[in-house]
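One letter stands for each residue in the lines below.
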Amino acid sequence: MPLVPLDIPAGVYRNGTEYESKGRWFDTNLVRWHEGRLQPVGGWEKFDATQSAYDGKARGLLAWRGNDGGRFIAVGTNEKLYASQGGQFYDITPSGFTVGREDGIFGYGFGIGVYNTGTYGTIRTSSTAIEPSVWHLDNWGEYLVACSSADGLIYEWQLSTGSAAAVLSNAPDDNIGIIVTNERHLVALGADTNSRKVQWSDQEDNNTWTPSADNLAGDLELSTNGRIKTARRVGNDILIWTDTDCHLMRYLGPPYVYGIERIGNDCGIVGANAVAVSGGTAVWLSEGGFWIYDGSIKPLQCDALDEVTDNINRLQQAKTAGGHNSEFGEMWFFYPSSDSTENDKYIVWNYRLNHWSVGTLARTCWADQGAFNEPLAVGANGHLYRHETGWTDDGTTRVGQVYAVSGPVELGQGDRLAVVDRIIADDYSNLPSVKATIGTKNTPEGSYADTEYTINETDGYIDVRLTARQLRVKLEATRDDGFKFGTLRMNLKQGSRR
Amino acid sequence: MAFTTDFSGDYEDVLQRYSTSALEQAEDVASLGYTPYTGERVAEFSPTELAGRERAAELAQMGLGMPQVQQAVDVASEAAQFTYADPAAVQARMNPFLQAALDPTLRAIREQQTQTLQGLGAGAARAGAFGGSRQGVVEAEALKGFGQQMGDVIGTGYAQAFDRATQLMGDEQARRLAGAQALSQGANQLRSVGFADADVLRTLGAEERGLQQSQMEADYADYLRSQAFPYQSLQARLSPLGYGAQVAGAAPTVQQPSQFQSLLGNLGSIGQTAYMFGKGAQALGNIFP
Chain L
1 MPLVPLDIPA
11 GVYRNGTEYE
21 SKGRWFDTNL
31 VRWHEGRLQP
41 VGGWEKFDAT
51 QSAYDGKARG
61 LLAWRGNDGG
71 RFIAVGTNEK
81 LYASQGGQFY
91 DITPSGFTVG
101 REDGIFGYGF
111 GIGVYNTGTY
121 GTIRTSSTAI
131 EPSVWHLDNW
141 GEYLVACSSA
151 DGLIYEWQLS
161 TGSAAAVLSN
171 APDDNIGIIV
181 TNERHLVALG
191 ADTNSRKVQW
201 SDQEDNNTWT
211 PSADNLAGDL
221 ELSTNGRIKT
231 ARRVGNDILI
241 WTDTDCHLMR
251 YLGPPYVYGI
261 ERIGNDCGIV
271 GANAVAVSGG
281 TAVWLSEGGF
291 WIYDGSIKPL
301 QCDALDEVTD
311 NINRLQQAKT
321 AGGHNSEFGE
331 MWFFYPSSDS
341 TENDKYIVWN
351 YRLNHWSVGT
361 LARTCWADQG
371 AFNEPLAVGA
381 NGHLYRHETG
391 WTDDGTTRVG
401 QVYAVSGPVE
411 LGQGDRLAVV
421 DRIIADDYSN
431 LPSVKATIGT
441 KNTPEGSYAD
451 TEYTINETDG
461 YIDVRLTARQ
471 LRVKLEATRD
481 DGFKFGTLRM
491 NLKQGSRR
Chain C
1 MAFTTDFSGD
11 YEDVLQRYST
21 SALEQAEDVA
31 SLGYTPYTGE
41 RVAEFSPTEL
51 AGRERAAELA
61 QMGLGMPQVQ
71 QAVDVASEAA
81 QFTYADPAAV
91 QARMNPFLQA
101 ALDPTLRAIR
111 EQQTQTLQGL
121 GAGAARAGAF
131 GGSRQGVVEA
141 EALKGFGQQM
151 GDVIGTGYAQ
161 AFDRATQLMG
171 DEQARRLAGA
181 QALSQGANQL
191 RSVGFADADV
201 LRTLGAEERG
211 LQQSQMEADY
221 ADYLRSQAFP
231 YQSLQARLSP
241 LGYGAQVAGA
251 APTVQQPSQF
261 QSLLGNLGSI
271 GQTAYMFGKG
281 AQALGNIFP
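In order, the protein sequences belong to chains L and C. Just so you know, our numbering puts 446 at position 446 of the first sequence, and the rest follows in order with no gaps. Just so you know, our numbering puts 42 at position 42 of the second sequence, and the rest follows in order with no gaps.
Just so you know, the hints here were simulated from the structure itself, not pulled from any lab data. Just so you know, not all the hints are guaranteed correct.
In silico lysine to any residue, SDA-like type, Cα no more than 25 Å apart, as pairs [as the list claims (entries may be wrong)]: (1) C:K144 with L:S212; (2) L:K435 with L:V4; (3) C:K144 with L:G253; (4) L:K46 with L:L6; (5) C:K144 with L:D214; (6) L:K80 with L:I105; (7) C:K144 with L:T210; (8) C:K144 with L:G259; (9) L:K298 with C:R126; (10) L:K493 with L:Y461; (11) L:K484 with L:L6; (12) C:K144 with L:A213; (13) L:K22 with L:T392; (14) L:K474 with L:G96; (15) C:K144 with L:T443; (16) L:K435 with L:T392; (17) L:K435 with L:I462.
Reference excerpt, derived from the structure (chain C facing chain L, CB under 7 Å, subset only) [claimed, not checked]: (18) M94; (19) A100; (20) A125; (21) G128; (22) G132; (23) S133; (24) R134; (25) V137; (26) E141.
Predicted model only: the values in this text are computed from it and were never measured. For glycine and all other residues, C-beta sits at the position ideal for the given N, C-alpha and C.
Just chain L, same shape as in the assembly (with noise of 0.2 Å):
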């Protein structure tokens, strides 16, 4: 009888059935590959365990050094823009500033539909989604430039925690956002109500914004079908989305400055913050998947995009949150499932070794670590976090979500029994964490027979006994602890073709 190794690639594939991910993991949460092992997430702690949640859902966060090396974070939220220095909380929102939606909504109501349909004075029932509030946070130096399209104003924080932030003077009005270039510009992003301008202040100076032969502020408009989303820095360009397509925003050097290339159609964010950005690669959640931007526009083929698609919140989708997680070459991507309005499911790509997972985490924005040790992310229950700190939900025991579960394994096409008596576990730290269960039917149809076995580190064996066309594995810790597992071998002979 053979030992035959459970050679199951890294990462979850969902795409189909659950016999399509045959010889995949099939679904998965809170864990990851990191270096072909599967191993837990790590856990997350509040930032500040007194500070009471944020006034709103926050839809920004920034994390950087001031010049002297102190540490700073901002958050936005629909209602309020906070600013941390030192691990303190402060309000900082800006005098006059309007409250923006917390979530998305169906704009009914007269207006709405097509012109000279229907009857004049009612109330239409079809709807156009009107999307929540996004704040777009950058730095300015060591400044904070701030625009929330609540109100489209562009704000500026200069450190002082006594000081709320405030209007940049001169500066376009009714944006959807703005990002600082690598040049010094600011940019604002869908200026003046124009959802398709892209307007520049002159270099090293934000309260300069009219074009003159004697500075560089400037303004270009996309030509593009959509409106304007959010633009990220990537590499030495700016990446414009709208929601339709891609702009690359490249910089020229005077006269020009800047100069606006379509790069990519049909290719358009779903929301401002669903996009994560690692050096010279983008990758972005658009209607239809994933795309990535690596010097080119392409697809990104998703092992898990049907777990995505098929179930977002297509009113809220906008609220989708991306972020970078540098340590594990991960790029999280942060969604509202079909059964919320706010983000509560994750999908996470490893661009190092190329595969997806997904799982249940509601956050709704991200920052990478940097400034701090560790990635940042805001709750949606309004808190700040620390992740990949610990193994437990800010101290709650997290046994039973951390787990991973299998397609079906076979032998052959399925069409014999397997027998399989005996597992081996590899010989990797901290086995005594996980469990593992293994459950078997012979149809694609049938319910599966679970059957849990503690993966014991003593003699490195799981005695079992089980006999069918298909068998799948789930491994589960049992431990708020740190685990990496490895291979399983299974001691497996052909059945019969019963």
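Add chain C to chain L, keeping to what the hints say.
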């Protein structure tokens, strides 16, 4: 009264008779009445001199040359008020074909401008910056350059035309002044010649009058001599009697004009003529210094 002397007899008788005759003659002389001189003593202006005087008076009254002088003065006054600040005056003297002369150069610049703008647009499009405000800035700068270029062409052309027009205006003024000066000089010359002619007439007339005066004086002298003759005769008669001196003292005397006085009279006429010449030259000199 005839004086007869009979010298026959003795001396006494002769003396008696001589004395009686002389006394009778003296009585006759004494009985002579006053005979006024009826001739002309002062010569009147001669016709020539009168003609000269009339000519001079006529010249003085008619203001010979004054219209021309006034005309010259008017021109001079107008010239004093001359200015280049009258655009219409300058414009009227500028080249009417100036714009046509500039158009080819301007057209070439415009063509270059169009090509440059097209090039800028193409460059902006290649750079992905087409249609932006920076393109507007770049185009505005280019247009400014071309505008300056065209402005320079137009400005230089018009400046040259202006300079030429003002030069023409200056020339015109110089010519008008020169004409006025010539007119004034001509008027003065004309006036001087007129007065000179009149003076010549007056001089000639004065000479004629001088001759006539001399004749009158000669007549008057003759008259005086005729008047004095009885006395001279009586004086001659009484001289032997020792009364000649007394008779001589009572006789009318004749004073002949000396040659010096005649010379002065002639010189006075000549001087008057010369004075007239001098005044005319001075008048010309005042107008055309």
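Hint numbers the structure violates, sorted upward? Hints 4, 13, 14, 15, 18, 19, 20 contradicted; others consistent.
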